[in-house]
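One letter stands for each residue in the lines below.
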Amino acid sequence: MTMHETRKAPPKGVPFRPRGRSRVRGLTVVRAVAGMAVFALLLFAWELAGRHDTTGLLPPFSDVAAEMAAILTGERLTTDVLPSVLRALLGFALGSVIGMTAGVVLGWWRRLDPWLRPPVEFLRAVPTPALVPIAVVAFGAGNALRVWVIALGACWPVLLNTMDGLRRVEPGYIDSARVYTSGRTTAVLGRAALPAALPQITSGLRIGLALSLILMVISEMIASSSGLGYLILQSQRLYALTPMYAGVLILACTGWLLTLLFSAAERRALVWFEGMKGRNHA
Amino acid sequence: MRSTSPLPTVPPAERHRGRRTWFMLIHVGKGLAGILGLVLLYEGARATGILPRDTIPGAHSIATTAVRELLDGSLTTAAGDTLQAWVLGLAAACAVGVPVGMALGASSWADSLAKVTVEFLRPVPAVALVPVAVVSFGLDIIMQVFLVGFACLWPVLIGTRHGVRAIDPLMIDSARMLGLTRRAVLTRVSLPATLPAIATGVRLAASLGVIVAVAAEIVTGSPGLGQYLTQAQQAGDDAAAFASVLMSGLLGLAVNILFVAAEVRVAGWQQHSTEGRR
Amino acid sequence: MPEAIKGRQHDRQATGPAAATLLEARNIAKCFSHPNGTVTPAIGDIALSLAKGEFVAIVGPSGCGKTTLLRCLCGLLKPDSGTLSYAGKPVSDVPEDVAVVFQEYNRSLFPWLSVRRNVEFGLNKLSKTERRARAEEALTRVHLTDVIEHYPWQLSGGMQQRVAIARAVATQPNLLLMDEPFASVDAQTRIRLETMTASISTELGLATLLITHDIDEAVFLADRVIVLSPRPSSVLAEVVVDIPRPRTELEVKAMPRFQEYRRLIHDLIVAKQSDTPDVVDTPAPDGTEPERSP
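Protein chains in written order, with this note's numbering: chain U, 1 to 282; chain F, 1001 to 1278; chain Z, 2001 to 2294.
These are calculated hints, taken from the structure and not from any lab test.
Think of the CB as a built atom: it goes at the ideal place given N, C-alpha and C, for glycine as much as any other residue.
There may be inaccurate statements among the hints.
Computed footprint of chain Z on chain U, listed as stretches where at least three residues anywhere in the stretch have a Cβ under 8 Å from a Cβ of chain Z [as the list claims (entries may be wrong)]:
1. 169-178
2. 195-201
Residues from chain U shown here face chain Z by an in silico Cβ test under 10 Å; the list is partial [stated by the list, open to error]:
3. Ala102
4. Val105
5. Ser182
6. Thr186
7. Ala187
8. Arg191
9. Ala192
10. Arg267
11. Val271
12. Trp272
13. Phe273
14. Gly275
15. Met276
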């Protein structure tokens, strides 16, 4: 007795791959190219505007690009750019660990909620940039401090999303886990609740990553004598606009690249989620 | 699906007004206890030296300074300045983000065209643009509005686009079948359906806006809580510096509570679905 | 002439094929209290017992707390009062050899796991090869071996529920509890699933407790049907279904006996039903699991 009511099933052994919206593959490529063309057009417009600029405030794109290349191939790569990015990533990693741990505690043991929610909501509302000058005065401006500041700022979206994700787990999954595992908290939490909450958790991680970059820049603008953020600010103060824009672009590219990598990793981890969504949409 | 049942079916055993108020009081009490716990933790860290006692003031002095500064006006003015930049920036972000987001959501061609540009601009930290903004606009409030606006634009735009794309085509079909004109479908079906997503986007943007506004003030020295902070530090008045941090936190909290309430109002009818995560 | 044994069963051993009593419940009651202070009684006073290998169905009107009862019986929910013992021992959490098939398959099968992994979920203690073997065996029983690497949400409702049954059966339980398993499935599929359940239950000699609102289903599948009153529920009557096995759907439903049982149970329920208004899902009460509509 077989009931052939499945959707188009992938061949055996092949993991499920979510389809894009356009049915025809060719069309997707055309669209991608068109998008890039628009972007290139904007850069071209920048170039023109820069060439004809009389105020001296907008260097043409080609100059900026050249400066970018110079920075990335010169010594500033290892003295400024890479350490900044590394600090941001370290802070993000640290913040994620803190955020997820605290998020699991707050999200799973709901009895604590009325007690812990108000202080958590307050702490998270404090703008982390405001803590940077204070932290500098209190602890001195060192590498460790900057990483910690980034971590403590970036942990909030991770914490809140982990907490939220765990709370919104379908009770049915929890019930099934209680029936089919030993029933201990670690089993139910680890085998059912966390996988179910993963989409929400990665959403928080993504926001945390963006926040790490922001905090990295801020901490360097306020309290540093090296790094990408410092480079940008210093250039502005010296009215050296080309390196300033170059720095901003490098930062933008780094952010874009990291986000891309993150999205790719997220998609692999959440193949099932994409599939489910696709089904609901279709 | 959970609809709050307005009635218990069997004549309830107890239903005192008093009992309900008691429950609420307990709830609030727990929250206050939590906050008190936080303060105790803070003081404990100071006492043990984890937080250096000479540069980090005690909770009591922070509180008294805050109250004093609020009453005599300087902290209040600073808060007002921050709020001003924030409101204008958020409004600008919505004014641009909602229409553009709707356009991107409705037309998949427009979306494809804009995709690369949006994906590139989006991760740019607004604070990285502080120098650019200063160079372009000087130290006027327009500079702050630009920064806050740029930062807030993305959550609003992405949220709106997400909302438009998530509209169930079945709803549109049903509306058409019932005889609504295209315009009516837009105003009576699409718009209300998108509103929750827009509300979420605006809420995220609002919180982000406060952070960016304060950060910009710290870096550039333009009027607001951030400037108040750096000035207090330079004057050596740590308690005032902390008071301004406290104020920023309360501001952020108030903004968050306000927008969460607004979002619930707008989106309360919406079922939680997997699509809704953002 | 079929008879309903009215009232409760507390002092009697389980009827049906004489064997050790597997599950014994006495004076089970459960109320839900809400944060705003109201208290909703769900179960009033339930007593029942189940013997090894017995198939018992529980029928009742909508809103009478059937799901709550099932959750108490399997250990997911703690009753306010009464005693509950499984295999002689009091029930605290879900016992090792009890399996449950829930009503909503899309909210109990794990979407991040393939069908195979879902079925293997309860078999963690076994070696990898044993797990695979058991899973395949279970899936063969429910005729689903060709979709073993798919994800549950790629399948239709009937197929998903079969996966849920396979998951339960793979653990080789002594007691199988089913909470309105075929309510969310279309009528034709439901009949096929009922037949499949009957054959699995008989083949494995599995003690089964089925909650349903479908009287036909209850009479077709069960050795004994327990009829519940509206909320706060108690046992109205027990009806022993004296139809020989194996039962085939067409034959059984044509039997006049079947119709009599059906009528009897239907009348019992209807007689009591007129007093109680309908209920929707109640909100999640303070600290306990949310009540789902029974």
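Against the structure, the hints:
no. : hint    : verdict
1   : 169-178 : holds (count 7)
2   : 195-201 : holds (count 3)
3   : Ala102  : violated (22 Å)
4   : Val105  : violated (18 Å)
5   : Ser182  : holds (8 Å)
6   : Thr186  : violated (12 Å)
7   : Ala187  : holds (8 Å)
8   : Arg191  : holds (8 Å)
9   : Ala192  : holds (7 Å)
10  : Arg267  : violated (14 Å)
11  : Val271  : holds (9 Å)
12  : Trp272  : holds (4 Å)
13  : Phe273  : holds (7 Å)
14  : Gly275  : holds (6 Å)
15  : Met276  : holds (5 Å)
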